[in-house]
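Asks: Sequences and hints are given; from them, build the entire structure.
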Amino acid sequence: MNKKRDRLQIIHDILLAIREKGSQVKPTHILYKSNLSHQMLMEYLQELIAKGFIIEEGDKKGKKVYSLTDKGYDYLRDYTVIKGFVDSYGLG
Amino acid sequence: MVYTHLSPAWFFGYDVLLEISFAVVSLIIALFAFKIYKSSAIKQVHLFGLSFLLISISYIIQSILNFMIISKLNENVSKMIKLQSIVHLNTLGFLIHMFFMIIGLSILLYTTFKTENRKLFWLLIVVSLLLLFLSRDAPNIFYLIVSVYLFFISFHFIGNYRRNRQPKTLLIALAFLLLLFGNTHFIFILNHNLFYPIGHILELFAYILILWNFYLVRKK
Numbered sequence: 000m001n002k003k004r005d006r007l008q009i010i011h012d013i014l015l016a017i018r019e020k021g022s023q024v025k026p027t028h029i030l031y032k033s034n035l036s037h038q039m040l041m042e043y044l045q046e047l048i049a050k051g052f053i054i055e056e057g058d059k060k061g062k063k064v065y066s067l068t069d070k071g072y073d074y075l076r077d078y079t080v081i082k083g084f085v086d087s088y089g090l091g
Numbered sequence: 000m001v002y003t004h005l006s007p008a009w010f011f012g013y014d015v016l017l018e019i020s021f022a023v024v025s026l027i028i029a030l031f032a033f034k035i036y037k038s039s040a041i042k043q044v045h046l047f048g049l050s051f052l053l054i055s056i057s058y059i060i061q062s063i064l065n066f067m068i069i070s071k072l073n074e075n076v077s078k079m080i081k082l083q084s085i086v087h088l089n090t091l092g093f094l095i096h097m098f099f100m101i102i103g104l105s106i107l108l109y110t111t112f113k114t115e116n117r118k119l120f121w122l123l124i125v126v127s128l129l130l131l132f133l134s135r136d137a138p139n140i141f142y143l144i145v146s147v148y149l150f151f152i153s154f155h156f157i158g159n160y161r162r163n164r165q166p167k168t169l170l171i172a173l174a175f176l177l178l179l180f181g182n183t184h185f186i187f188i189l190n191h192n193l194f195y196p197i198g199h200i201l202e203l204f205a206y207i208l209i210l211w212n213f214y215l216v217r218k219k
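Protein sequences, first through last, are from chains A and B. Residues 0 to 91 in numbering that gives the first Met the number 0 are what the first sequence spells out, letter by letter. Residues 0 to 219 in numbering that gives the first Met the number 0 are what the second sequence spells out, letter by letter.
Mixed in with the good hints, there may be bad ones.
Said to hold, decoys possible - Calculated cross-link-like contacts (lysine-lysine; reagent style DSSO-like; alpha-carbon spacing at most 27 angstroms):
id, chain 1, residue 1, chain 2, residue 2
1, B, 42, A, 82
2, A, 82, B, 34
3, A, 20, A, 70
4, A, 20, B, 37
5, B, 37, A, 70
6, A, 32, A, 59
7, A, 82, B, 113
8, B, 34, A, 50
9, B, 218, A, 82
10, B, 113, A, 50
11, A, 20, A, 50
12, A, 70, B, 42
13, A, 20, A, 63
14, B, 118, A, 50
15, B, 42, A, 50
16, A, 82, A, 20
17, B, 37, B, 218
18, A, 82, B, 37
19, A, 25, A, 50
20, A, 50, B, 37
21, B, 42, B, 118
22, A, 70, B, 118
23, A, 70, B, 218
24, A, 70, B, 34
Derived by calculation from the structure, the hints in this document are not laboratory data.
Replies: This is the structure:
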């Protein structure tokens, strides 16, 4: 990838990784798909939980897994329009 | 306090129509920004929507008051009563218009700083309002503050275009440059009343560009 990804795109990639895998996605899978460092991914996941895009749960073994909320699905659906608007006004 | 802005007689009515158009475009952008905020949860987008909502309210008030002035001009009463009511309406309308416009632009300017410093936010608003309402020449101070704010806002949008060379960013940079030129024209309205329609027409072109950008953003 030549061009540096912006925050909007990183969030998009994380949410897409969760959606493609279905519900209850492990952080290792998101890490592999999103191409971020572990620390960066954890920061983004906390932000996405705070914004209500994903929820954190425990699987049968008690390990952390993540699922999209309706708001997360909305973000993926409206991503092109959100990016167009935010880029137009330099709001990101 | 008596505020006057000189509009040529032939422009009566057209100014009201233009101000309604600016209000509608600003409202569309504000509502769209709130919709984008709902999906993205980006705080700056929320503030941006709020700023356009306040700008829209300022235009709505200006257009209503200008419409009422035109109605008063056509009333069949004595010239003295007519003049008094027009001066009162004009002063009241202009004060409310200035209040909402200054707060709206202060918020828009704040969003371009990309900071979460609340003290800076309140400082911008308080200083702007104090300057405006303690001044003996509020209309000129108002257009001066608006022009300074628009200068910095335009600077942000030009920088945004240079970083992100797309038609959409170019439209917004040009729109805000036109708004800047339009407002600097208003500073000179006391010298020549032709500056008033010129300012409005420049603003019209600016809002057409903003609307064009809105169309491009929505087009998938």
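Asks: With a cut-off of 27 angstroms on the C-alpha distance, tell me whether residue 25 of chain A and residue 50 of chain A pass.
Replies: holds, 19 angstroms
Asks: Run the distance test for residue 82 of chain A versus residue 20 of chain A: straight-line Cα separation, threshold 27 angstroms.
Replies: At roughly 24 angstroms apart (the allowed maximum being 27 angstroms), residue 20 of chain A and residue 82 of chain A satisfy the hint.
Asks: Would the hint linking residue 32 of chain A and residue 59 of chain A be met if the CA-CA limit is 27 angstroms?
Replies: With Cα atoms ~23 angstroms apart, residue 32 of chain A and residue 59 of chain A stay inside 27 angstroms; holds.
Asks: Within 27 angstroms, alpha carbon to alpha carbon, are residue 82 of chain A and residue 113 of chain B?
Replies: holds, 17 angstroms
Asks: Would the hint linking residue 20 of chain A and residue 63 of chain A be met if the CA-CA limit is 27 angstroms?
Replies: Holds, because 15 angstroms separates the two Cα atoms, which is no more than 27 angstroms.
Asks: Residue 118 of chain B and residue 50 of chain A: Cα distance at most 27 angstroms?
Replies: Within the cut-off at roughly 24 angstroms; holds.
Asks: Can the restraint linking residue 70 of chain A and residue 42 of chain B be considered satisfied, given a maximum Cα separation of 27 angstroms?
Replies: Holds. Residue 70 of chain A to residue 42 of chain B sits at ~16 angstroms (cutoff 27 angstroms).
Asks: Check whether the Cα positions of residue 37 of chain B and residue 70 of chain A lie no farther apart than 27 angstroms.
Replies: Satisfied, since the Cα-Cα distance of roughly 8 angstroms is no more than 27 angstroms.
Asks: Given the hinted pair residue 37 of chain B and residue 218 of chain B, is their alpha-carbon gap at most 27 angstroms?
Replies: holds, 19 angstroms
Asks: Against the 27 angstroms threshold, does the CA-CA distance of residue 34 of chain B and residue 50 of chain A hold or violate the hint?
Replies: Judged against 27 angstroms, a Cα distance of about 15 angstroms means the pair holds.
Asks: Given the hint that residue 70 of chain A pairs with residue 218 of chain B, does the C-alpha gap stay at or below 27 angstroms?
Replies: It holds: about 22 angstroms lies between the C-alpha atoms, which stays within 27 angstroms.
Asks: Quick one, are residue 42 of chain B and residue 50 of chain A close enough, alpha carbons at most 27 angstroms?
Replies: Since the Cα atoms of residue 42 of chain B and residue 50 of chain A sit roughly 11 angstroms apart, the hinted pair holds (cutoff 27 angstroms).
The structure shown violates just one earlier hint, number 22.
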